[in-house]
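Novice: One letter stands for each residue in the lines below.
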Amino acid sequence: DVKVTQSSRYLVKRTGEKVFLECVQDMDHENMFWYRQDPGLGLRLIYFSYDVKMKEKGDIPEGYSVSREKKERFSLILESASTNQTSMYLCASTSQGAHQPQHFGDGTRLSIL
Amino acid sequence: KQEVTQIPAALSVPEGENLVLNCSFTDSAIYNLQWFRQDPGKGLTSLLLIQSSQREQTSGRLNASLDKSSGRSTLYIAASQPGDSATYLCAVRHDQKVTFGTGTKLQVIP
Chain A
58 DVKVTQSSRY LVKRTGEKVF LECVQDMDHE NMFWYRQDPG LGLRLIYFSY
108 DVKMKEKGDI PEGYSVSREK KERFSLILES ASTNQTSMYL CASTSQGAHQ
158 PQHFGDGTRL SIL
Chain B
1052 KQEVTQIPAA LSVPEGENLV LNCSFTDSAI YNLQWFRQDP GKGLTSLLLI
1102 QSSQREQTSG RLNASLDKSS GRSTLYIAAS QPGDSATYLC AVRHDQKVTF
1152 GTGTKLQVIP
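Going line by line, the protein sequences match chains A and B. To get the working numbering, take the position in the first sequence, counting from 1, and add 57. To get the working numbering, take the position in the second sequence, counting from 1, and add 1051.
A hint or two may mislead.
[What the hints assert, rightly or not] Simulated DEER-style distance windows between Cβ atoms: (1) Gly97(A) to Asp1090(B): 16 to 24 Å; (2) Asp1118(B) to Phe77(A): 21 to 29 Å; (3) Ser1104(B) to Arg130(A): 27 to 35 Å.
For the record, the hints were derived by calculation from the structure and aren't laboratory data. All residues carry an ideal CB built from backbone N, CA and C; glycine is no exception.
Turn these sequences into a full structure, and let the hints guide you.
Specialist: Laid out in structure tokens, this is it:
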């Protein structure tokens, strides 16, 4: 079975801090995604990556950056955390091919104080 | 821009009932549609994936159908159980992106 692991289940940070969220998958998937999930808004795509060192903006990239130095790891970076970035963050991966399903991690509940 | 809608937003049924969850999307140019389950505070668990060329998929008590031309999918749950209580999300894959609905929160009452 595919395993997508997010480094933290819960995280509390302060306004202005630089925050790193890590995601690792063990199935050699090419594609990786970062979403945030908020009540009433559903899941929104922040960034995605097709391959190592490749990244594409999603629907809400402002205030975020990403890093993919190795195929199995995709990091989401909050450059200067703000309270409106308090949310549930979900990482997903999938292999190439339009017929492949997405696999999700358990999520990181991030609170910015 | 692809938009995905799920109705109803919440549903409460007695145990043992058969039920249908609905998902509609605005752009029929999709690669596939995936149904997920999400328990409170957890990530998403994939239930069923329907390719754009398929009409339905079945897994145990779950059956998902896809009518791409009308932009609709349904998830049928037979003989519901309290353990089925969760939020159910549908997601459509188009281009390199996936667009999610906002989900239907299901409660199955013992």
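Novice: Look at each hint and say if it fits the structure.
Specialist: Hint check results:
no.: 1; hint: Gly97(A) to Asp1090(B): 16 to 24 Å; in the structure: 19 Å, holds
no.: 2; hint: Asp1118(B) to Phe77(A): 21 to 29 Å; in the structure: 43 Å, violated
no.: 3; hint: Ser1104(B) to Arg130(A): 27 to 35 Å; in the structure: 34 Å, holds
The earlier numbered hint that this structure contradicts is number 2, and it is the only one.
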